[in-house]
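Modelling step: build the complete structure from the supplied sequences, incorporating the hints.
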Amino acid sequence: MFFLSWRQLLSRKWQTLLILLGISFGTLLFVSISGVQLGMRTFMGEQLLNNTAHVLISGAERIIDPDEIKAAFYPNTFVKWITTPTGLREEVRLENYAGWYQRLSRDPDVVDFSPRLSTQAIAINGKFNAALRLIGTIPEKHIRITTIEKNMIAGSFAALEKGNNGIVIGSGVARNLGTKLDQYIQLGTGQSEQKPFKVVGVLHLGNKELDDSLAFAELNDVQVLARSPGRVSEIAVALFDIDKSADVANRWKVISKDKVQDWQDANQLFMEIIRVQDFTRYFITTAILIVAAFGVYNVLSIMINQKRREIAILRAIGYAPKRILELILYQGLLLGWTGGILGIFMGYLLCLLIGTLEFGIEIHGSKHLPVSYDWKIYATALLSANLAAFIASYIPAHHASRLTPIDIIRSE
Amino acid sequence: MIECFDVIKEFGKPPQRVLHGLTFKIDRGEFVSISGRSGSGKSTLLYLISTLDIPSAGSILINGKDITTFGVNELHSFRNHFVGFIFQFHYLLPELTALENILLPARNLGLQAHYQKVAENLMDELGVLKQLHKLPSQLSGGEQQRVAIARALLLEPKYIFADEPTGNLDTANARLVMSILQRVNKEKKSTICLVTHDPGYSSLANREILLVDGRIKT
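Each protein sequence line maps, in turn, to chains X and U.
Using my numbering, you'd call the opening residue of the first sequence number 1 and step up by one each time.
Using my numbering, you'd call the opening residue of the second sequence number 1001 and step up by one each time.
Since the hints were derived computationally from the structure, they do not count as laboratory data.
Heads up, some of the hints might be wrong.
Within a straight-line C-alpha distance of at most 16 Å, the following computed EDC-like cross-link-like pairs (lysine to aspartate or glutamate) qualify [as the list claims (entries may be wrong)]:
id	chain 1	residue 1	chain 2	residue 2
1	U	K1117	U	E1156
2	X	K322	U	E1074
3	X	K13	U	E1003
4	U	K1158	U	D1006
5	U	K1065	U	E1156
6	X	K253	X	E95
Simulated DEER-style distance windows between Cβ atoms [what the hints assert, rightly or not]:
id	chain 1	residue 1	chain 2	residue 2	range
7	X	R7	U	N1206	39 to 47 Å
8	U	G1071	X	L349	25 to 33 Å
9	X	I284	U	P1094	37 to 45 Å
10	U	K1013	X	R7	39 to 47 Å
Which bits of chain U does chain X cover? Going by a derived footprint, with three or more residues having C-beta under 8 Å, they are [unchecked claim]:
id	segment
11	1024-1037
12	1085-1091
All of these numbers come straight from a predicted model, not from anything done at the bench.
Built from N, CA and C at the ideal position, the CB exists for glycine as well.
Here it is, written out as structure tokens:
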């Protein structure tokens, strides 16, 4: 029946072409919108993951409770606080780093993990200074669990070495301090005397807030600077499957007092934006595909009305109802496949074109918009086009298969 | 052999009886004409004995088997293998060439390549070989009907049912069609049931079943 379906489609060139264009246009829009949205999402996700991790384990923040202080120091006494005690009870630290180290080393879901000490610091270069969020990390582990090396615009992240007092600073920090690679800046945390650190790398994340404040140094160097030897404030964990982040985080929460956050939980606003983007994308595409599906339905319904005689003769010479169903369904699927393939091809070309357009922001050292070419976008687009065409053609196909030759002949 | 026992056919609500208890036999290899005036029920009878329709009452047996007991697949397989239809209007598929139209019954069995030569021979016999790759819209009325006849004869069916096959043709083409049917009946021993209101063509058959107001006039 494929042969006959093909010939019937070819005999109605204009109708076929218009429906193909409808399906192609829907598929093209899905591919291009998804490409741009997922490109941006991947880029933003990478930035977030550079700053956080798939799962981030940090010390729980314990806040001073005035009632607890009253009970401990002034039991059975009425207390009226002139200034109510507030703030953290102690510096944030992991309860049991060694325990986490053993657990994470054995966990089959974990690619690698990187202990960190995150602290505030002031960087000074001559008359200029900048407030930093300084992260002490183990460079080789940090490189394994993030894509940070891709964001280096000068030097290398791997150049951070224990005891060398090297530092990687954000491009905004470098600009504000007027410093560059291999120059020295002074670092202090307010609790210690300033120490000279050599700039071994400059990174650019494309996020002004981060580029103006973020800096990385080797974990031991930061512990010495902060006068907190052995202290780790957080562990960044990379998983084999990022989609398992929430499940893994929930599993670990049960066994520790430490704060365990998966990257989606830590970036709820970002995830909310993604959800709205996804909804918009699917809404637009579904609307277009529904219009195209109605086109398929209309064309096939009209065709069946016009071809009643032919259906009658096919039934009369032995073509069973199932074969008539195939005849119409194949036409719908041919339209779906051809329109879908045409649409994803045109969508791919459009994505390539969008990828060459220049935008005001700089991303990964380029001013071009990041576009995703994930195969799942193309597979989803093709399947959606075919599903729409299949549903739209099944109804008229079923109707045609129920026509009996005698009813048609009598009505002629 | 086709056997009809007290066949009744009614249409509509309230039911209007078109055929009134017909009982007759058509032997294997017979050339039978079903004739009568317009509205006498001859086409209705043809559609019943050709399995396109089922009777309201009574039974029709083909080779001893009641046609109402045929399942969907059995019915279509029977039509495909053993029945050839020729209608007044050729009912050719307009998007297929003459050859492709003729090969339609074979295509349903996946044997189009096997029957290609048979189809060409038939076209040659019927004088439309030159129209092999032409679309129906490029053929004359007579040529279209001859292509439709070739389609009906392709699988050498045991039964050929022809409903006014000459109704839309000029005299020369009508005579040609009738001579083809006679030849097939003689050479291939096919059973032929021909519906016609033309006494001239009716007389070419071995036997005539004359219908008057849904009853057989003997």
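Hints, one by one, checked against the model:
1. U/K1117 <-> U/E1156: Since the Cα atoms of U/K1117 and U/E1156 sit roughly 14 Å apart, the hinted pair holds (cutoff 16 Å).
2. X/K322 <-> U/E1074: 13 Å, holds
3. X/K13 <-> U/E1003: 48 Å, violated
4. U/K1158 <-> U/D1006: Given pair U/K1158, U/D1006 is violated - Cα atoms ~24 Å apart, limit 16 Å.
5. U/K1065 <-> U/E1156: 21 Å, violated
6. X/K253 <-> X/E95: At roughly 13 Å apart (the allowed maximum being 16 Å), X/E95 and X/K253 satisfy the hint.
7. X/R7 <-> U/N1206: 39 to 47 Å: 40 Å, holds
8. U/G1071 <-> X/L349: 25 to 33 Å: Because 52 Å falls outside the window, the suggested range is violated.
9. X/I284 <-> U/P1094: 37 to 45 Å: This hint holds: roughly 39 Å between Cβ atoms.
10. U/K1013 <-> X/R7: 39 to 47 Å: 41 Å, holds
11. 1024-1037: violated (count 0)
12. 1085-1091: Since three or more residues must qualify, the claim that chain X covers the segment 1085-1091 of chain U holds, with 4 doing so at under 8 Å.
Consistency note: the structure conflicts with the earlier hints numbered 3, 4, 5, 8, 11.
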